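Peer 1: One letter stands for each residue in the lines below.
Protein chains: 4
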Amino acid sequence: MTATEATQHGRTGESPIAPAAEPQPAPGATPPRRPPLLAKAAAELVGAAALVAIVVGSGIQATELTKDVGLQLLANSTATVFGLGVLIALFGPVSGAHFNPAVTLAEWWTARRGGPGVTLREAAVYVPAQIVGAVAGSVLADAMFGEPLVKWSTHDRSAGHLLLGEVVATAGLILLIFGLARTDRLRFAPVAVASYIGAAYWFTSSTSFANPAVTIGRAFTDTFAGIAPASVAGFIGMQLVGVVVGLALVALVFMPGREVTE
Amino acid sequence: MTATEATQHGRTGESPIAPAAEPQPAPGATPPRRPPLLAKAAAELVGAAALVAIVVGSGIQATELTKDVGLQLLANSTATVFGLGVLIALFGPVSGAHFNPAVTLAEWWTARRGGPGVTLREAAVYVPAQIVGAVAGSVLADAMFGEPLVKWSTHDRSAGHLLLGEVVATAGLILLIFGLARTDRLRFAPVAVASYIGAAYWFTSSTSFANPAVTIGRAFTDTFAGIAPASVAGFIGMQLVGVVVGLALVALVFMPGREVTE
Amino acid sequence: MTATEATQHGRTGESPIAPAAEPQPAPGATPPRRPPLLAKAAAELVGAAALVAIVVGSGIQATELTKDVGLQLLANSTATVFGLGVLIALFGPVSGAHFNPAVTLAEWWTARRGGPGVTLREAAVYVPAQIVGAVAGSVLADAMFGEPLVKWSTHDRSAGHLLLGEVVATAGLILLIFGLARTDRLRFAPVAVASYIGAAYWFTSSTSFANPAVTIGRAFTDTFAGIAPASVAGFIGMQLVGVVVGLALVALVFMPGREVTE
Amino acid sequence: MTATEATQHGRTGESPIAPAAEPQPAPGATPPRRPPLLAKAAAELVGAAALVAIVVGSGIQATELTKDVGLQLLANSTATVFGLGVLIALFGPVSGAHFNPAVTLAEWWTARRGGPGVTLREAAVYVPAQIVGAVAGSVLADAMFGEPLVKWSTHDRSAGHLLLGEVVATAGLILLIFGLARTDRLRFAPVAVASYIGAAYWFTSSTSFANPAVTIGRAFTDTFAGIAPASVAGFIGMQLVGVVVGLALVALVFMPGREVTE
Numbered sequence: 001m002t003a004t005e006a007t008q009h010g011r012t013g014e015s016p017i018a019p020a021a022e023p024q025p026a027p028g029a030t031p032p033r034r035p036p037l038l039a040k041a042a043a044e045l046v047g048a049a050a051l052v053a054i055v056v057g058s059g060i061q062a063t064e065l066t067k068d069v070g071l072q073l074l075a076n077s078t079a080t081v082f083g084l085g086v087l088i089a090l091f092g093p094v095s096g097a098h099f100n101p102a103v104t105l106a107e108w109w110t111a112r113r114g115g116p117g118v119t120l121r122e123a124a125v126y127v128p129a130q131i132v133g134a135v136a137g138s139v140l141a142d143a144m145f146g147e148p149l150v151k152w153s154t155h156d157r158s159a160g161h162l163l164l165g166e167v168v169a170t171a172g173l174i175l176l177i178f179g180l181a182r183t184d185r186l187r188f189a190p191v192a193v194a195s196y197i198g199a200a201y202w203f204t205s206s207t208s209f210a211n212p213a214v215t216i217g218r219a220f221t222d223t224f225a226g227i228a229p230a231s232v233a234g235f236i237g238m239q240l241v242g243v244v245v246g247l248a249l250v251a252l253v254f255m256p257g258r259e260v261t262e
Numbered sequence: 001m002t003a004t005e006a007t008q009h010g011r012t013g014e015s016p017i018a019p020a021a022e023p024q025p026a027p028g029a030t031p032p033r034r035p036p037l038l039a040k041a042a043a044e045l046v047g048a049a050a051l052v053a054i055v056v057g058s059g060i061q062a063t064e065l066t067k068d069v070g071l072q073l074l075a076n077s078t079a080t081v082f083g084l085g086v087l088i089a090l091f092g093p094v095s096g097a098h099f100n101p102a103v104t105l106a107e108w109w110t111a112r113r114g115g116p117g118v119t120l121r122e123a124a125v126y127v128p129a130q131i132v133g134a135v136a137g138s139v140l141a142d143a144m145f146g147e148p149l150v151k152w153s154t155h156d157r158s159a160g161h162l163l164l165g166e167v168v169a170t171a172g173l174i175l176l177i178f179g180l181a182r183t184d185r186l187r188f189a190p191v192a193v194a195s196y197i198g199a200a201y202w203f204t205s206s207t208s209f210a211n212p213a214v215t216i217g218r219a220f221t222d223t224f225a226g227i228a229p230a231s232v233a234g235f236i237g238m239q240l241v242g243v244v245v246g247l248a249l250v251a252l253v254f255m256p257g258r259e260v261t262e
Numbered sequence: 001m002t003a004t005e006a007t008q009h010g011r012t013g014e015s016p017i018a019p020a021a022e023p024q025p026a027p028g029a030t031p032p033r034r035p036p037l038l039a040k041a042a043a044e045l046v047g048a049a050a051l052v053a054i055v056v057g058s059g060i061q062a063t064e065l066t067k068d069v070g071l072q073l074l075a076n077s078t079a080t081v082f083g084l085g086v087l088i089a090l091f092g093p094v095s096g097a098h099f100n101p102a103v104t105l106a107e108w109w110t111a112r113r114g115g116p117g118v119t120l121r122e123a124a125v126y127v128p129a130q131i132v133g134a135v136a137g138s139v140l141a142d143a144m145f146g147e148p149l150v151k152w153s154t155h156d157r158s159a160g161h162l163l164l165g166e167v168v169a170t171a172g173l174i175l176l177i178f179g180l181a182r183t184d185r186l187r188f189a190p191v192a193v194a195s196y197i198g199a200a201y202w203f204t205s206s207t208s209f210a211n212p213a214v215t216i217g218r219a220f221t222d223t224f225a226g227i228a229p230a231s232v233a234g235f236i237g238m239q240l241v242g243v244v245v246g247l248a249l250v251a252l253v254f255m256p257g258r259e260v261t262e
Numbered sequence: 001m002t003a004t005e006a007t008q009h010g011r012t013g014e015s016p017i018a019p020a021a022e023p024q025p026a027p028g029a030t031p032p033r034r035p036p037l038l039a040k041a042a043a044e045l046v047g048a049a050a051l052v053a054i055v056v057g058s059g060i061q062a063t064e065l066t067k068d069v070g071l072q073l074l075a076n077s078t079a080t081v082f083g084l085g086v087l088i089a090l091f092g093p094v095s096g097a098h099f100n101p102a103v104t105l106a107e108w109w110t111a112r113r114g115g116p117g118v119t120l121r122e123a124a125v126y127v128p129a130q131i132v133g134a135v136a137g138s139v140l141a142d143a144m145f146g147e148p149l150v151k152w153s154t155h156d157r158s159a160g161h162l163l164l165g166e167v168v169a170t171a172g173l174i175l176l177i178f179g180l181a182r183t184d185r186l187r188f189a190p191v192a193v194a195s196y197i198g199a200a201y202w203f204t205s206s207t208s209f210a211n212p213a214v215t216i217g218r219a220f221t222d223t224f225a226g227i228a229p230a231s232v233a234g235f236i237g238m239q240l241v242g243v244v245v246g247l248a249l250v251a252l253v254f255m256p257g258r259e260v261t262e
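Chains as they are written, first to last, in the UniProt record's numbering: chain P, 1 to 262; chain Z, 1 to 262; chain A, 1 to 262; chain G, 1 to 262.
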């Protein structure tokens, strides 16, 4: 959901101390009108393309400049933090800045009986836009660095502990986004989500793909950030498990029924 | 105390220029209702687990990728800054986001004669939740990287100058949190506390554990961030000394009696 | 355009939920009076000089301290993020903090039929000030590090994939600035633009000059950040192509006609 | 001057679009009462001590962990950015968070005929507190790392281009602080000043001491961040020149008479 929708459908006005009664100067601010679906689809496509171009491109640049793999990952993660935060800030008011089928799916699921979130029709447009964008971003990164435009990655990522890493990475992402939403603070998403990914690059063994569209896009490049096509299905499966774990944690800590029953 | 409690019990409304009369758009914003104790305990447990998983996990990742110990600590500290800031922002409105028995203890102590802070009953729930979470986080990090789930650390940290480092690290943390609280600015805690720890990793000789629960959790992993069980008691003792020093500095600089007497 | 002008000419007040009806506490805040053109020119000149001194100076410092080129670029990009963000925050209320003929040109173009942005007269003052400042900054950096004050760079940057990188870098910059402007959020420009450049240093093959004045200034120093004079025209040409691409993307995603027709 | 004083004495209320009419949610917010001089002195002393402990301590840690001097400076500058930002945020509402005789002097000078800033009596308390604090911080850092508590630095820093670096570093600092003050945006000082120093570590040849008290303190430790006593006077002299240059730039760009005459 966008910050707009959170305001329109949320618990605003229940109380004089409710957060939504406060000014909301941070990213994700209210656009003047609801953007049409075409603009939303364009935002998701361009955003996903830019995100993958950032991840793949900075990985190539890093491997060209240093042989220290730790430094390569530090450059890669730092560039991603900066870039992802900007993309969420820029496109948040248009589409909600998902760039991620796992997030779109979780939003549709939690909103299916009403409440803020994408509709089924929107989800059916978002997900293909995200995947097409992610592949385009991978190709664009390869082109910028003079690499073959499409070359399947040979980077095997199928070890069991990597799969656990993906569950943790995605569960944390979902917990963060929906926890912010339940406390009416999605305006912090640009900094919070980017920072989370910056940590998750390092503390999860899988370097935190946490995004099915990005996972697919990264299969198209045989560079630092690539993933072998044979490892893609396993990663995406674990990401979906992570969505379920994340939503369960949201229910535990942020207790959706609380405001009603108490 | 949470930002909510600071607002409810604070010096709000004394003056038209009082800070609490200002909008409070930053992290730690007011939740619609006071969360029940179960949600608070869950937030402290999940938060402490995530914090230790970040510290331990990023340490393992760093040592796997580079041999330069300086770069290992830079990756470790950078991941911690990002992760800790997100955790405080996310869980602040629920539990106050202590994740740290030293902070919980200091809050109970300063609030024992009234004022904002945890009650004795809350403290008695928070501290065990923090310790259980911290141990779980250590085990989770080991699992994600295919390390033995529990293996006592062999990293001795008992040198006298390291103990001084822990006093300084904890005193600074307490000074920061309670200084922000006394000036009604706990909404800056996510960025401020995370940044402080980012500096303290480097400027204290002990790399700034500054947290008894995290210290216990880090004894369970024989990796970069571990601490030998025999060094745990010394670190925790110095952290408690740091709490006292920190509260004394708060009294010196922020002068609690000022608002009343002047 | 400055945040002031965005407020004065923007879509403020169209709706009770319009963003401009919100407080605007972030950088780029409203100055009490419109600064005179001389102050604006001084801000653009000093700002461009400082920007190039930061880029060139940190590049020299980095090459003096380490042989790892990856680390050199990490230091260079980190210093630029910090410095550029400060410069935009500081000079934004005076001149809009362009420091960049591509941005000035795009603003004049979009504002030529009315609306917020620089006038032709302002643009004719801004661009020379930016170029003079950029050259001065390069000379200053060389002087601070005991390098020859002016020595043409020998760093050839003419490969085709580098040119594509400049198109992408500049298109992204324009999309960001004008996307923020169209959603009345230019107050986030200091952090957003600096973060964008921090990512673009790494994910574009050209390390993201994205600025004709800075490109000219960097030809005057034969150090890490230099560019051979023979490569300058190609870079600037691609930057102008990037402006066109960026404005097209703004039209696609942020749909300027939307507010009117819907 | 503190943000409080800027609000009390500033150009607030001149216009409905004046910045001070906006909410001020950022660091440097208004304390409920004016702190007494003892609290201000304590804040300046503790703050300067912490600042030097951060600079010196992180330098020692870095040299113990890596042989790459570039990485040493990156760790040193990163820790300083985080730590300085926190210190300004924490102590700003008490003393204005100068920690720097150059800033105190410039404030007294600009305020001597009225307007916001420290009085002569305050300046006479601030400067000794800053110097004592800086020396104490140096000794504390040495103690934390098991170094001799006081050992004169042998690090010669007297080359001419380093002195130019110090002029540039201090001029930029003064331009930033007073530029923010003139546009009523001192609430951004924690992030802006810390970021500026983060850039100036790298883009000035002197690594930007820009502070006479810190310069004195750093003479007391023969470690990474030290400065030979024989180089101290030269650095301080250049810092004073930088103050003059910085105030001249403020007059040029921010034109103090503008609000009156226009």
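Think of the hints as simulated: they come from the structure by calculation, not from any bench. Owing to the predicted nature of the structure, the values given are computational and were not obtained by experimental measurement. Yeah, the Cβ is synthetic: ideal placement off N, Cα and C, and Gly gets one too. Be aware that a few hints might be false.
If you anchor each label on the Cβ, the simulated ranges turn out as follows [as the list claims (entries may be wrong)]:
no., chain 1, residue 1, chain 2, residue 2, range
1, A, Gly237, P, Pro229, 48 to 58 Å
2, A, Pro229, Z, His161, 53 to 63 Å
3, Z, Val150, G, Gly160, 58 to 68 Å
4, G, Trp152, Z, Val244, 25 to 35 Å
5, Z, Pro36, P, Asp222, 47 to 57 Å
6, Z, Asp222, G, Val244, 19 to 29 Å
7, P, Val150, Z, Glu64, 25 to 35 Å
8, G, Trp152, Z, Arg34, 55 to 65 Å
9, A, Leu120, P, Val150, 41 to 51 Å
Peer 1: For every hint, state whether the structure bears it out.
Peer 2: Hint check:
Evaluation of the 48 to 58 Å hint for A/Gly237 and P/Pro229 yields a failure: the beta carbon distance comes to about 38 Å. Evaluation of the 53 to 63 Å hint for A/Pro229 and Z/His161 yields a pass: the beta carbon distance comes to about 55 Å. Separated by about 60 Å at the C-beta atoms, Z/Val150 and G/Gly160 satisfy the suggested range of 58 to 68 Å. Between G/Trp152 and Z/Val244, the C-beta spacing of about 34 Å keeps the proposed range 25 to 35 Å intact.
Here the CB-CB span from Z/Pro36 to P/Asp222 is close to 52 Å, well matched to the stated 47 to 57 Å. Checked against the given bound of 19 to 29 Å, the beta carbons of Z/Asp222 and G/Val244, roughly 58 Å apart, lie outside it. A hinted range of 25 to 35 Å for the beta carbons of P/Val150 and Z/Glu64 is consistent with their spacing of about 30 Å. For G/Trp152 and Z/Arg34, the Cβ-Cβ distance of about 57 Å falls inside the hinted range of 55 to 65 Å, so the restraint holds.
Between A/Leu120 and P/Val150 the C-beta distance comes to about 46 Å, which sits within the given range of 41 to 51 Å.
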